[in-house]
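S.K.: Residue-level listing of the chains:
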Amino acid sequence: MTGERLYGIRHHGPGSARAVVAELERQRPSILLVEGPPEADDLVRWVADEGLQPPVALLGYAADDPRRSAFWPFAVFSPEWQAIRWAVTNGVPVRFFDLPYAYRLTDARTPDTPPAAGPPAAELPGAGSPDAQLPEPRADEAPGAGLPGAGLPESPAELPSTSDGPDAVAERAPGRVRPVDPIGELARAAGYDDPERWWEDVVEHRGMPAFEAIAEAMTAIRESSPEEPEDLVREAYMRTVLREVRRTHENIAVVCGAWHVPALARKVPVKDDAALLKGRKKTKVAFTWVPWTYGRLASWSGYGAGVRSPGWYHHLFANASDVVPRWLVDAAGVLRAEGVPTSSAHVIEATRLAEALATLRGRPLAGLAEVTEAAEAVMCDGEPLRTELIGRRLVVGERLGAVPDDMPAVPLAKDLAAQQRAVRLKPEALERSLELDLRRDIDLARSRLLHRMRAIGVPWGEPDTARRGTGTFREQWRLRWLPDFAVQLVEGSMYGTTVAAAATTKVTDAARDAETLGDVTALVEVCLLADLADAFPPVLAALDARAALDADLNHLMAAIPALARTLRYGDVRRTDVAGLESVAAGLLTRVCAGLPAAAGSLSDEAAKELRTHLDGVHRAVGLLDDDDLRERWLTTLASVSGRADLHGLLAGRLTRLLLDAGRLDAAEVRRRLRLPLTIGTPPAHGAAWVEGFLSGGGLLLVHDDALLALLDEWLADIPADAFDDVLPLLRRTFGAFATGERRAIGERVAGGTGRGDEQPVELDHERAALVLPTLNILFGREVG
Amino acid sequence: MTDRTEQHLPQAPAAEDVSGKHGSTALRPHAEDQYADELALLAATDERPRPPGWRLSPQAVVTYLLGDGAKITPKYVGPRRLMEVAVSTLVTDRALLLLGVPGTAKTWVSEHLAAAISGDSTLLVQGTAGTAEEAIRYGWNYARLLAEGPSEAALTPSPVMRAMQTGAIARLEELTRIPSDVQDALITILSEKTLPVPELNTEIQAQRGFNLIATANDRDRGVNELSSALRRRFNTVVLPVPASADDEVEIVARRVAQMGRSLDLPEVPAALEEIRRVVTVFRELRSGMTEDGRTKLKSPTGTLSTAEAISVITNGLALAAHFGDGNLQPGDVAAGIVGAVVKDPVSDSVVWREYLETVVRERTDWRDFYRAARDA
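Protein chains in written order, with our numbering: chain U, 1 to 784; chain R, 1001 to 1376.
So that you can see chain U by itself, here it is in the shape it has in the complex (with noise of 0.2 Å):
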């Protein structure tokens, strides 16, 4: 058979690809033309190769921008895909023949835009034009408004929250000319609201000619239906290349989607076309393939229009007889797999109620609606959440495709994959969680990839906080890799061709920009988490330039913490910390320097948060293990602390830690207690003086009996009537102590003090000896 056939198909549709590929077997064409990205002809070889499994997408973007990307998904069940593999099993050649996507980067009218994401190659979108389709700078609409494929990588920042986009487009959809899904709209008119059952029903089953039908019935809605303007010129630029190929091939086979049969058989004149064309500028644009989900072609995971039921058509697709009893067998395995008891018995009603419906419903077979109804109403027993869990695991699928190791990508993409496998971790579509024990080489280089990943900005894994435990040797961690990670990968090959390049430039320039020093202090600890030791003393300058610029004495307290933690823990990751002392130690000086100033005068509010920042650093003077900084912060708190016009809550603080360093004795505690109780101080003050005293554990209360007594004292002193104000502070205090400790400072209080007449305790000090050879081991040191 010579000669040139059109096979109209609807994108992601597994009738069509069927078809397809029987006609193909038929006609033996010598060359396949199949609408997609002429500059993706050079990948069409990989789809011999078994590493690449769909779903998966070609991926286009700017060499010089990479955030200017599209992708054009493919399925197992996609026609194109279907095509384009049957062609190259056959050794016939391949060629995608759409308007290069070079051509649509570089739209004049839109100069600055991403590619608007036009309604792919809109023509059978129902199945998923949207992300198949090529992406359409549109000259009359917003950029990114047409092809939620396009819309996507726009801006591969936010990647990972797609649903802004897809909800865009499906607000503009309606402002299309011309349908977007013309096979699903023939089907709604048949009364179908499953186009692929429609296919089947009315096309297959009566077997006629399918895409002689189709041709037909869309010759007929285009004469009728306004002409999209980018349309035109796309099918200008596939008549170019029809014409092309005709002259050096007889036998050829066009597969596009049905839309653009009956323009690319009119007859137009060459100069036609060329007028449409002329004057369009190309961009230098790379592909490559990429790993796409199922979850990604669904609608419901943040396309407007894609496939519904990637994991139906893939089902129907797989399985030419007895589809529904095979997928409500493979529903009763999914609720299974979750613990429901789901019989056979259960399938089999399950069947029967589908065919039912079908046949009240006066279809041929049961579709989707019909299988979904049945086992919601057999297997479900009512439960919405079993339905929800049929419609994720199998209606849409969780299937995450793969491409082979050797195909040439950016190079970060490449290292990446090879760390991967020298770390043993795989990136898949359903999230898990990973728990990493810091101890154990592997898990220490795997923390390292999943940090180094979150500073490129590919949150592979995101730390589950959740789960903390406070050993710091412990990391959870929860992993999904979404296949948008594709687009910021390529976009952070700009930053360096291996992970650990890419992650210390971007983390050198993002010190670099940062604003305030909070953000270089995180930066700090993504460099050691993420092992970026190169980056390190350019984030450490920064972090010292920061610090001195900072006027702000809360930023630099809130730097001095996570330092501390890192000086004093970081060789649990044996990272190299030299410098980090000597900057940390300059924070601490600053902070002794700035605190008197700051400590005056302030605000409830102010108060409470400069309050947190001083126990945090004296926590962190504690860690730095450095007795001259120590003193140095002890002698600037007891300067701070015999001020008068300090906030209560601070001095009460103030005198707290004091008392816990030992640098106040208990008579000058008692002394300073006393003072702010007395009738010359407003109650509130010196309530918040208690909160300040007693934050953080009433431990102190139930031990120190003349304490407890001096606070019992006051307490009965206040007014009644001043009672009142004083109350919801003291409770506050209180309500924070542990309920043991409340508990035990109730019995003291109640029992006065009943303690002091129990006996002294004996002690036997050969038995207690015993103990003290272990306890030399652990300290290391002779104790006792």
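Each statement offered as a hint is correct.
Facing chain R, a subset of chain U residues (Cβ under 7 Å, in silico):
# : residue
1 : Glu349
2 : Arg352
3 : Leu353
4 : Ala356
5 : Glu373
6 : Ala377
7 : Val378
8 : Asp381
Estimated spans, in silico, between C-beta atoms of each pair:
#  : chain 1 : residue 1 : chain 2 : residue 2 : range
9  : R       : Glu1047   : U       : Asp49     : 54 to 60 Å
10 : R       : Ala1245   : U       : Glu609    : 43 to 49 Å
11 : R       : Ala1043   : U       : Glu398    : 46 to 52 Å
12 : R       : Glu1047   : U       : Glu398    : 44 to 50 Å
13 : U       : Thr89     : R       : Thr1194   : 55 to 61 Å
14 : R       : Thr1194   : U       : Glu398    : 43 to 49 Å
15 : U       : Ala22     : R       : Thr1194   : 47 to 53 Å
16 : R       : Arg1231   : U       : Ser433    : 32 to 38 Å
17 : U       : Gly51     : R       : Gly1067   : 56 to 62 Å
18 : U       : Arg26     : R       : Ala1245   : 54 to 60 Å
If you are wondering where the hints come from, they were derived from the structure by calculation, not from laboratory data. Here a beta-carbon is modelled for each residue, glycine too, at the ideal position from N, C-alpha and C.
Since the structure of chain U is provided, determine the placement of chain R on it from the hints.
M.R.: For chain R alone, coordinates are given in the frame of chain U:
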């Protein structure tokens, strides 16, 4: 063991008999009487195949329930697919379990399904905590049992047994209120489609067309959980609360009009505006959020079903007709609404007061209602 049941033994009573007895004076006519002409019309024009024992084809039953926009009035306003699943379930010989919160038309749907399929919605067992096995299987006429010994004549059939004998739809209300051991009496009936009578060494075999529709309340979940053996014999259809305010207004307006007729209330124009207001109040409190989605609200303890909205309006109509000026005024529904919302005198009245002061008060066109509700 009344005379009536006895007199019909061993034959089950024909539906016409029962309705004839009640005639038009019945307070609430059965569905098959009230809509007899619609059923007759459907039966006359229905040319599709009817399953054995069915008076209408499944398609016609769905049309009867949802209306055809002309002669057939809609009985159920809601997703078509639910009714299709329900009817298909009965076609496949599976028992149907209608689940939902109170007032979502479970009983209403089951009555109309039985009326359309069997022409008889009276084969009804009301499930209660005290429902005994006799109510589901059979009992005995003890006078006759003592006088003549066990015989078929001494047997008092339950509605379920009569349905099996005549090949009709039996209805079981509030299945989950029935104690578990009694529920399990259904297992043989539903799986073997037979009811053994060991005392007579015989059995009653269900005739074609027999099936069972049970209703159960979502809020009773866990009270008498169905055993998994029984559960598996039911297909479950969950009836939701109306999806949109317009749907709900339509349901309320339609039912109020019907009930006004059957209760012989004096004609009062059922002001659509008041209905809309009642429905809005119910929907907002039920969902815990105002319709515009701006204000979060507390939800009261009651369910605030559509059925309750209907009774508030009906009650308001009666008030307006007998004690008011003949027009439905905000004051006529206010008292009813407060009664419906405040089920728990302490917590619900806080909820209601908050709603009144924060939401109702702000709506300028609701001023009359606010005043009336505050005084109520």
